[in-house]
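Same order as they appear, the protein sequences are chains A and B.
Going by the numbering used here, the first sequence opens with residue 1, and the numbers climb by one from there.
Going by the numbering used here, the second sequence opens with residue 1, and the numbers climb by one from there.
Simulated from the structure, these hints should not be mistaken for lab results.
Every residue, glycine too, gets a C-beta built ideally from N, C-alpha and C.
Please note that the accuracy of each hint is not assured.
[Stated by the list, open to error] What follows is a list of derived Cβ distance ranges for each label pair:
# : chain 1 : residue 1 : chain 2 : residue 2 : range
1 : B       : E25       : A       : A193      : 43 to 53 Å
2 : B       : W69       : A       : R82       : 50 to 60 Å
3 : A       : G225      : B       : W69       : 49 to 59 Å
Below are the chains, spelled out letter by letter.
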Amino acid sequence: MSLATLVLSLADNKQLLGLRYAEWAIRAPSLEADIAAAAMGLDDLGHSRVLYGCLEALGEDPRGPNRESDPSSYLCLPYFGRPWTSWSQFVAANAVLDTAFSVMIQACVEGSVDVLRTRLRKMLNEERFHFLHGRSWLRTGIEPGPLEDAWTQAIEWFGPPQGEVERLHREGALAMGPAELLAQLEERLETTAPVGPVDWSGWDEVQRSTRPMVIDDRTFAMLRGLEERRYHPAGT
Amino acid sequence: MSHGFLRVHGRAQEYEVFARKARAEPLRMVGSVVAPDPDLAAAYARATYDEERWIEMAIVPRDQVTTLWAPGEESEG
């Protein structure tokens, strides 16, 4: 796995996270939370655009033509494959996964690769408010299932102890390896991960998960812009 | 669905939101948000009032504002 593939994974996950946030813009528990969901959705969709824009500068764009036809070509965590059905899923993603991505962005900003050091810095300012939102809602208490799921997927996304993220850390491209990333995530959320050790034997280094990613048809159509095209008048 | 979560949190309070676009301007009140704690109020204020390019934004719990006179009353000036 290259640094570009890691950045693509970050971009794809942020794109789907943004879409999932946006889906809750009229379903959150308060009007303020509705607006925050919409704003965070816009932020993360914007962040994904910036990250995609870094791929060429990294010297390699891992996206192939199969992105038009193969949902598994999107490097997203299973957590984002289908629309969330509970507010607890929203909060767990907001608090744990969004923060995990921010910690990785911090590792990029403090690493040695110029394009990442300069272009990603602004994201950390915007993500500060995502974190405040997620942590506050997390403190109100949510169902344990989504929370454990989010923690497991965050740890798997950081990668195994001696994997490629650790190699990128040793080479200086990333300021943190998997252990430091997890420690940083736990410190920010003021807790230890409520899950046991990961069995890395079935871990996929491209999808960065032990579970297969399944994107439903509607989500895949949204990613490709087909859902929007459905509403265009015929012949335009 | 958001079953089990109240639309307005029981502990929620109102925060006034102040902002300005330039150093030469005074902070002015641009609106308010309702939230159960200052962190969430800050996130809500930023999300709700982020249309302008503010150089500064601050929130104050409404119950921390001391009213000298209210609308309809007159100052002694």
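Which constraints among the numbered hints does this structure fail? Numbers only, ascending. none
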